[in-house]
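*Asks:* Chains A and B supply the protein sequences, listed in that same order. Counting with this note's numbering, you get residues 1210 to 1507 for the letters of the first sequence. Counting with this note's numbering, you get residues 76 to 264 for the letters of the second sequence.
By construction, these hints were calculated from the structure, which means they are not laboratory data. Owing to the predicted nature of the structure, the values given are computational and were not obtained by experimental measurement. Beta carbons: idealized from backbone N, C-alpha and C, even for Gly. Worth double-checking, as some hints may not be accurate.
As the list claims (entries may be wrong) - In the DSS-like style, the derived pairs of lysine-lysine whose C-alpha atoms are separated by at most 30 Å in a straight line are:
1) B/Lys245 to A/Lys1266
2) A/Lys1266 to B/Lys206
3) A/Lys1416 to B/Lys187
4) A/Lys1506 to B/Lys259
5) B/Lys190 to A/Lys1416
6) B/Lys187 to B/Lys167
7) B/Lys237 to A/Lys1334
8) A/Lys1503 to B/Lys145
9) A/Lys1416 to B/Lys259
10) A/Lys1266 to B/Lys174
11) B/Lys245 to A/Lys1416
12) A/Lys1506 to B/Lys145
13) A/Lys1419 to B/Lys217
14) B/Lys174 to B/Lys187
15) B/Lys111 to A/Lys1503
16) B/Lys259 to A/Lys1419
17) B/Lys167 to B/Lys217
18) A/Lys1503 to B/Lys206
19) B/Lys237 to A/Lys1416
20) A/Lys1506 to B/Lys111
21) A/Lys1506 to B/Lys187
What the hints assert, rightly or not - Chain B regions said to be covered by chain A (calculated; three or more residues, Cβ under 8 Å):
22) 160 to 167
23) 174 to 188
24) 203 to 212
25) 220 to 234
As the list claims (entries may be wrong) - Not everything, but these chain B residues come out facing chain A in the computed CB check (under 10 Å):
26) Thr103
27) Arg104
28) Arg125
29) Val127
30) Ala128
31) Cys129
32) Val139
33) Leu153
34) Gln155
35) His157
36) His191
37) Lys192
38) Ile193
39) Ile216
40) Glu257
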Amino acid sequence: MRKYLVLFLLICTQWGYCQEDLFSLIEEPEMKVEEPVSATFKGTKIINNQSNEIPAKGVLQFVILHRFGSLKNDFLYNFFGLDNAQVRFSLDYSPLSWLNIGVGRASLFKMTDIWYKAPVIKQIKNGWPVGITLYGSANINGLRWPTDGLERLFTDRLIYVHQILLSHKANENFSILVAPTLVHYNLRQTASQPNSLAVLTLGGRYKLSKRVSLNAEYSPMINRNTGWDGSQSTPFTNALSIGFDIETGGHVFQLHITNSRGLSDPVFLTQTSGSWMDGEIYFGFNISRVFTVKPPKI
Amino acid sequence: MKSLLSTIFLAIFWLGTHQIAQSQKYLTRNGYVHFKSNAEVDDDVEAVNRSVACALDIQTGEIVFNVLIKNFTFRKALMQEHFNENYMESDKYPRATYKGRIVNLPSIDVSKNGKHKIKLEGTLTIRDIPKNRTDEAELEIKDGTFIITSAFGVACADHNIKIPKLVADKIAEVIDVDFRVELKETSSK
């Protein structure tokens, strides 16, 4: 009798096994997949500085950036600073999943720039903690040379910026970025000005909701840019910017206040003229729009 | 002697059920699921997942699906990011599942090739929110392969997928979904 019972139980377990185990057949294998962290920042820029993000492969991005006049300078007369707006347009494209190249033009110093940005190492979910992105830009000062009879070369117009963007998405809402930066001027404006300046950019974002985040960045100069006139010791201040990202479909709107008027890399990194203390703050916005040029096959 | 015989008989019977149980299951790991939002304004909200897992027990008619949300590919990369990040929250809810039954499978002769209308009853779970539903599908039996296709609608509201007002005209309230799975017999272990 006991044998019957044992066999009956065996059969029951066998049936039980078939009954509940169907789903286990199609569960993902327990293998740990190395999944890169996505959306560390909403935009390719935090505010002025680059974030670690690039548009996906085959995507073209157009960004319009504005910085209005100072809050101090006849604020209402200048229609909230709009009358004194600084503008930058940029167009970039990602030919590869790890490479973005772009070109931009800013009105301050009539600066044209070309850049590359390469997220070479990505942060891995529950794994490697840091995203490492290389960024470099060559900036061409487009102002006419003064008519002082001195001979100047085209290369004298060039300013280079090199950055290593170290990013970390701590959780769903909070991301930080640290970027050791080197700015090199081929031509110094004054003898007292260094050719190469080191800057350490610190940036971060906190998501307030699914589509809105609070961003901030601070770019202290390690060695001072003494400015156009050697007699002035530190006419340039460190750029500090605070703003919001608002994400809608294919756009990211970035609204912010900053003490930097310049929109090209060397200008906001090393030639920020405004001072938060003195109310020399500028309202500004970045708007990006992406176009999928080469859609992936689905 | 009698008890020995019956023990052997039962042992064979048990092994038999074991064999049957193994051979009743049909499975795929590269099923196809496609969805499209046919909204007022066409914004190409459309994606495909070609690594859907599905299993069918032809004895009981039980059918299950496992769909990894991250495996949906869009034409627009940013849309894919927003889909994962804002709408489906795929880090929190990595998969959609369906557990159900083909109600009229017992009335179908599964040993013969042919096409049949089938009725599915079960629970679709998206974002951890289960929704009981009944759907029509088509089953084609072709040389031991079970091909199931269907098209149905999934209401965003059923699974608490919130659509912001700003894009309300670009995303339909009911998303049109279709799938195709080719289930093959599992090799018995």
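*Asks:* Would you mind marking each hint as holding or not holding in the structure?
*Replies:* Hint check results:
{"no.": "1", "hint": "B/Lys245 to A/Lys1266", "verdict": "24 Å, holds"}
{"no.": "2", "hint": "A/Lys1266 to B/Lys206", "verdict": "37 Å, violated"}
{"no.": "3", "hint": "A/Lys1416 to B/Lys187", "verdict": "57 Å, violated"}
{"no.": "4", "hint": "A/Lys1506 to B/Lys259", "verdict": "27 Å, holds"}
{"no.": "5", "hint": "B/Lys190 to A/Lys1416", "verdict": "52 Å, violated"}
{"no.": "6", "hint": "B/Lys187 to B/Lys167", "verdict": "43 Å, violated"}
{"no.": "7", "hint": "B/Lys237 to A/Lys1334", "verdict": "26 Å, holds"}
{"no.": "8", "hint": "A/Lys1503 to B/Lys145", "verdict": "21 Å, holds"}
{"no.": "9", "hint": "A/Lys1416 to B/Lys259", "verdict": "46 Å, violated"}
{"no.": "10", "hint": "A/Lys1266 to B/Lys174", "verdict": "37 Å, violated"}
{"no.": "11", "hint": "B/Lys245 to A/Lys1416", "verdict": "24 Å, holds"}
{"no.": "12", "hint": "A/Lys1506 to B/Lys145", "verdict": "16 Å, holds"}
{"no.": "13", "hint": "A/Lys1419 to B/Lys217", "verdict": "47 Å, violated"}
{"no.": "14", "hint": "B/Lys174 to B/Lys187", "verdict": "26 Å, holds"}
{"no.": "15", "hint": "B/Lys111 to A/Lys1503", "verdict": "20 Å, holds"}
{"no.": "16", "hint": "B/Lys259 to A/Lys1419", "verdict": "42 Å, violated"}
{"no.": "17", "hint": "B/Lys167 to B/Lys217", "verdict": "39 Å, violated"}
{"no.": "18", "hint": "A/Lys1503 to B/Lys206", "verdict": "37 Å, violated"}
{"no.": "19", "hint": "B/Lys237 to A/Lys1416", "verdict": "17 Å, holds"}
{"no.": "20", "hint": "A/Lys1506 to B/Lys111", "verdict": "15 Å, holds"}
{"no.": "21", "hint": "A/Lys1506 to B/Lys187", "verdict": "37 Å, violated"}
{"no.": "22", "hint": "160 to 167", "verdict": "holds (count 3)"}
{"no.": "23", "hint": "174 to 188", "verdict": "violated (count 1)"}
{"no.": "24", "hint": "203 to 212", "verdict": "violated (count 0)"}
{"no.": "25", "hint": "220 to 234", "verdict": "violated (count 0)"}
{"no.": "26", "hint": "Thr103", "verdict": "8 Å, holds"}
{"no.": "27", "hint": "Arg104", "verdict": "7 Å, holds"}
{"no.": "28", "hint": "Arg125", "verdict": "9 Å, holds"}
{"no.": "29", "hint": "Val127", "verdict": "9 Å, holds"}
{"no.": "30", "hint": "Ala128", "verdict": "4 Å, holds"}
{"no.": "31", "hint": "Cys129", "verdict": "6 Å, holds"}
{"no.": "32", "hint": "Val139", "verdict": "5 Å, holds"}
{"no.": "33", "hint": "Leu153", "verdict": "5 Å, holds"}
{"no.": "34", "hint": "Gln155", "verdict": "8 Å, holds"}
{"no.": "35", "hint": "His157", "verdict": "8 Å, holds"}
{"no.": "36", "hint": "His191", "verdict": "21 Å, violated"}
{"no.": "37", "hint": "Lys192", "verdict": "23 Å, violated"}
{"no.": "38", "hint": "Ile193", "verdict": "17 Å, violated"}
{"no.": "39", "hint": "Ile216", "verdict": "19 Å, violated"}
{"no.": "40", "hint": "Glu257", "verdict": "14 Å, violated"}
The structure shown violates the earlier hints numbered 2, 3, 5, 6, 9, 10, 13, 16, 17, 18, 21, 23, 24, 25, 36, 37, 38, 39, 40.
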